[in-house]
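Colleague: This is what each chain is made of:
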Amino acid sequence: SQTIHQWPATLVQPVGSPLSLECTVEGTSNPNLYWYRQAAGRGLQLLFYSVGIGQISSEVPQNLSASRPQDRQFILSSKKLLLSDSGFYLCAWSVGRGPMNNEQFFGPGTRLTVL
Amino acid sequence: GENVEQHPSTLSVQEGDSAVIKCTYSDSASNYFPWYKQELGKRPQLIIDIRSNVGEKKDQRIAVTLNKTAKHFSLHITETQPEDSAVYFCAARIYNFNKFYFGSGTKLNVKP
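Taken in order, these protein sequences are the chains called P and Z. All you need for my numbering is the position in the first sequence, starting with 1, plus 1051. All you need for my numbering is the position in the second sequence, starting with 1, plus 12.
Extracted from the complex, chain P is given alone in its bound form (with noise of 0.2 Å):
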């Protein structure tokens, strides 16, 4: 079965200071991979998609940015981080592609705090 790690699963970080959030897929090859953000008591912000190796798609412009190495492999970064980075980020991934990707899962998140 399929399985989604992500790590680390809580962070303190100090503003200006540099983020690297990995997550990884296991069970399934040539998954969708999406990076998502939840303020507290917010909804969800798609960050960035990824059909495929070197192949990301920014939602919005910000300081983040990702990277896909590897097929099961998502990477989320920072060179700067501000206050505004606080919060739950989430990794999730789906197979299928246009009319054959249905369900998306979600990783159990790290939770950021900007200080």
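Keep in mind that the hints were calculated from the coordinates and are not lab data. It cannot be assumed that every hint is accurate.
[Unchecked claim] DSBU-like, lysine-lysine: derived pairs with alpha carbons at most 35 Å apart:
| # | chain 1 | residue 1 | chain 2 | residue 2 |
| --- | --- | --- | --- | --- |
| 1 | Z | K54 | Z | K34 |
| 2 | Z | K119 | P | K1131 |
| 3 | Z | K111 | P | K1131 |
| 4 | Z | K49 | Z | K80 |
| 5 | Z | K54 | Z | K80 |
| 6 | Z | K111 | Z | K69 |
| 7 | Z | K111 | P | K1130 |
| 8 | Z | K54 | P | K1131 |
| 9 | Z | K34 | Z | K123 |
| 10 | Z | K49 | Z | K83 |
| 11 | Z | K49 | Z | K111 |
| 12 | Z | K70 | Z | K34 |
| 13 | Z | K69 | Z | K34 |
| 14 | Z | K123 | P | K1130 |
| 15 | Z | K54 | Z | K119 |
| 16 | P | K1130 | Z | K54 |
| 17 | Z | K119 | Z | K34 |
| 18 | Z | K111 | Z | K54 |
| 19 | Z | K69 | Z | K119 |
| 20 | Z | K49 | P | K1131 |
| 21 | Z | K119 | Z | K70 |
Since this is a predicted model, take the numbers as computed values, not measurements.
Based on these hints, arrange chain Z on the given structure of chain P.
Modeller: Frame of chain P; chain Z shown alone:
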């Protein structure tokens, strides 16, 4: 792009009563509509979904209905229990696209 609106933002019901959460979407090309439940501090969990070729789907106490003409879909929870308390999100996916558009969430509180 797609725009998904969700109502109400908060809903409080008595245990045993029914709860209904409604979502509307804007793009008639959307063809897949999942619902997620998110407990405090946890990840969203897929609880039920419906495709555009179906008008209703049930899974025990949970049901989802879809009205393609009016472009709205609803989540129905019957015989609510305290453990149903959570935030519920609806979403829509446009045919042939790989993005999911989420509603803003409904916080459901089931009072014992």
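Colleague: Give me the numbers of the hints this structure contradicts, sorted from smallest to largest.
Modeller: Structure breaks hint 14 only.
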